[in-house]
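Engineer: Please construct the entire structure, taking both the sequences and the accompanying hints into account.
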Amino acid sequence: MQIIIWGKGFAEFVMKKFENEENIFYISTLCKRDVFGRICLKKRGFIAMKGYNEALVGYGFEDAEFYDGLES
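Here the working numbering is used: the first residue of the sequence shown is 1, the next is one more, and so on.
Each hint should be verified, as a subset may be incorrect.
Said to hold, decoys possible - Cut-off 16 Å, straight-line C-alpha distance, at most; resulting in silico cross-link-like pairs (EDC-like, lysine to aspartate or glutamate):
hint : residue 1 : residue 2
1    : K50       : E21
2    : K8        : E22
3    : K50       : E19
4    : K42       : E54
5    : K17       : E54
6    : K50       : E62
7    : K8        : E21
8    : K50       : E65
These are computed hints drawn from the structure, not numbers from a lab.
Structural biologist: Listed below in structure tokens is the structure:
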């Protein structure tokens, strides 16, 4: 796992990584308050995953399920 700090230079870092790598995504630390649900991935990756599962009931579970799908 690579730790990435949000802040100055973050956007440039992500753009460079996304230009050079095909299957790439970044997610926030799942246990960190106020950042759960933040994700960065290419559009084609989101489409390949068929987006979020809108059938889930409740709040926040679609993020965890989406992360699991990306990691598998």
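Engineer: All hints, please: hold or fail.
Structural biologist: Hints versus structure:
1. K50 - E21: 21 Å, violated
2. K8 - E22: 24 Å, violated
3. K50 - E19: 23 Å, violated
4. K42 - E54: Violated, at about 20 Å.
5. K17 - E54: 30 Å, violated
6. K50 - E62: 12 Å, holds
7. K8 - E21: It is violated: about 22 Å lies between the C-alpha atoms, which goes past 16 Å.
8. K50 - E65: With Cα atoms ~12 Å apart, K50 and E65 stay inside 16 Å; holds.
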